[in-house]
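Place chain Z on chain D using the hints.
2 protein chains.
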Amino acid sequence: MATLKLPSTVPSPSEDCEQLRKAFAGWGTNEDLIIQILAHRNGAQRKKIQNTYSETYGEDLLKDLDSELSSDFQRVVLLWTLESAERDAYLVNEATKKLTASNWVIMEVACTRSSEQLLCVRKAYHAKYKKSMEEDIAHHTSGDFRKLLVPLVSAFRYEGNEVNMSLAKSEAKTFHQKICDKAYNDDEVIRILATRSKSQLNATFNHYNDQFGNAITKDLKADPEDEYLKFVRSIIKCLTVPEKYYEKVLRLAINKLGTDERALTRVVVTRAEVDLQRIAEEYQRRNSVPLDRAVAGDTSGDYEKMLLALMGHGDA
Amino acid sequence: MATLKLPSTVPSPSEDCEQLRKAFAGWGTNEDLIIQILAHRNGAQRKKIQNTYSETYGEDLLKDLDSELSSDFQRVVLLWTLESAERDAYLVNEATKKLTASNWVIMEVACTRSSEQLLCVRKAYHAKYKKSMEEDIAHHTSGDFRKLLVPLVSAFRYEGNEVNMSLAKSEAKTFHQKICDKAYNDDEVIRILATRSKSQLNATFNHYNDQFGNAITKDLKADPEDEYLKFVRSIIKCLTVPEKYYEKVLRLAINKLGTDERALTRVVVTRAEVDLQRIAEEYQRRNSVPLDRAVAGDTSGDYEKMLLALMGHGDA
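Residue numbers (my numbering), protein chains in the order written: chain D, 1 to 316; chain Z, 1 to 316.
With the rest of the complex left out, here is chain D (with noise of 0.2 Å):
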C-alpha cells in the first residue's frame, strides 16, 4: 500500500507550474511550496507537470529545481520528481559509478520491480544512457556480484501464480546440496534466483523450510560477515518479502551513528507509490517505533518535511 497521498481536487499541470514558479521567484525559494505541490501528485501528474513546465517556460523542471535547492533536500525532490523508470535508470547508472557504486541498488532495482516495470526501467536506459543497463552493470561489477547482477536485472519473469511442485522439491534439494557444499556461487543456485517466477521461488524456499527444517536465509548465514553471503540473502528478501528487505535498509539507515541519508531518501522514494505503508507497519513491528516518528528524530528541516509528506503526514 502506498503512502502518497492525492489531494482531493487536483489543480491543473499549469496551474501547478506557475506555483513552483512563484516558489523559485526572486530572493530565496519558497520550500514549503515545492512540497506542498509536488509531494501530492502520483507519478503520471508528476511528468505532466514536468512537460507543461518546459512547454509553458522553455526551461527544464529538474535542472531549475537544482539550482534552487541544496543537499539532502535536493536529492529527494529531485529523485521523487522523476517517474519511476527513469529514476530506477538513474539510481542504477549511480550505481555503477566508482565514487557511488552498489550492488544493492541494482540488487534492489532488479529484484523488487515487476517484470514490466523492470522492462520500463531497461528502456528509460537505453533513452537516458545511450547503452543497456545490463551492458554497464556486466562492464563495471566483477567476480560473483557480476555473475549474480546480470542475470538478475536481465530477467523477464514470468509472473502468473502457477507453481510447479515438482520443481519446487528438485530445486529445494539442489539449494540444500549446494548450501552443504558451500558452494554458494553454484551456476545451478544462481540459474534458479535469476530466472524463476517469484512465485515459483516462494514454493521452494517453503519447501525447503519444511522438508530441510531450516528457512534458507538462516542457513545462507553460515559466515554472517560474509559479503557475498549477506547479498544472496537480500536477494531471497527482495523477491519473496520486499518489506521485510526494505525494513531492514530503513532500520539500519535510520540507527547508523549519522543517518545513511541516501539511503533513506532512496526507500522512500521509491516506495511512497508501492508499499511504503506496508514497510511502514514492518518497522513498527520489529522496532517498537512507528517508523514516521523514527525519520522525524533523525532528520531536519525541509528535507523532514518532505520525507514525511510522502510517508503521507498531513493534508495533501
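Since the hints were derived computationally from the structure, they do not count as laboratory data. Be careful, since some hints might not be right.
Said to hold, decoys possible - Here are the in silico distance ranges between beta carbons for each label pair:
id, chain 1, residue 1, chain 2, residue 2, range
1, D, Leu99, Z, Gly160, 24 to 30 Å
2, Z, Gly160, D, Thr56, 26 to 32 Å
3, Z, Val241, D, Glu18, 52 to 58 Å
4, D, Thr56, Z, Leu6, 43 to 49 Å
5, D, Leu99, Z, Asn185, 29 to 35 Å
Everything numeric in this text was worked out from a predicted model, so none of it was measured. Even for Gly, the Cβ is constructed at its ideal location relative to N, Cα and C.
Below, chain Z without anything else, positioned relative to chain D:
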C-alpha cells in the same frame, strides 16, 4: 528486404476465412488455395484471419490446418501462419525439448531479432508457456552453451548507432588476449558478446581486424571441428552479418545428403518478411546458383510450392 508478395488488393479477413473453409471442405484439401491465401498475407493480416476464423466458426485455424495438412507442408504452413513473436517462442520452446533440442535455434532468435522483437518473443513465451523463456533455456541447457545462451536471450541491447571507439579498442584487445590464451569461454568474452550493442560490436570486430591482421572469426577457428568455437563464430555472424549466417544455414540444409527440411523451413518462414531477399543474393553470390532454383531442386509438391511462394515466386 522481404520476399513476401502481397496482392494489390487484399481480400477482407472474412473473405479469406471463407476461402480457407472451402479449401478444407469435403474429401481432400485444396492445398493450392491455402498457399494462394496464406503465403500472400503479412503478419498483421494473418493474425486478423486467425481471429476472424475463430469468431466466425468457433474453431482454431491452426488446429484445422494441423488436421488438414501433413509432414513438411504442414509444418511450413503452421509456422508461417503464426505471428512472428509467437512463432519464435514456439521455436525456442521446441529447441529446449529433448528430441528437438537445438542451441542453434535459440541463439538465432536471440541474436538476429531486434531488441524490441526479442522482448515480444519473451512476452509471447510467458503467455503461451506460463514460464519465462530464460528459465526454460537455463534449465535445459548446460555448460559453456548455457553460459552464453542465457545472457544472449535476456539481453535488451541498445540499438543506437553511437560507437565508443576507445571501448571498441580495449574490448578488441580483450578478445585478442583471450583468444591467444584459448580462454574462449571467459566471462569477459561472454559479457562483451551478450551485452554490447550491435554497432559497438561491429566497431570492436573491425578494430580487431585492423589491429591484429585477421578477422576475429578466423582467429576463432583454431580447431574447426570444435562445436563451441563454431557456436561463437555463428553468434558473431548473427550479430553483425545475419544474411551470411543464414546463407550458410541454407547451404548446409540444401547440400546435405537428404535435405534438412526443418532448417530450410525455419529460415524461409522467419526471414520472408525480413531479409530473405538479401539472404538469397548472398546465396547466389556464394553458390553461383539462385536460391529458388536450389530450393526447387531439393523439394517437391506442396511444400516446394509454399516455399517458393514465400520466396516471392508467382503472382500474389
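Now for the hints, and whether the structure bears them out:
1. D/Leu99 - Z/Gly160: 24 to 30 Å: 27 Å, holds
2. Z/Gly160 - D/Thr56: 26 to 32 Å: 30 Å, holds
3. Z/Val241 - D/Glu18: 52 to 58 Å: Holds, since Z/Val241 and D/Glu18 (Cβ atoms, about 56 Å apart) stay within the stated range.
4. D/Thr56 - Z/Leu6: 43 to 49 Å: 47 Å, holds
5. D/Leu99 - Z/Asn185: 29 to 35 Å: Given about 33 Å between the Cβ atoms, the range holds.
Of the numbered hints stated above, none is contradicted by the structure.
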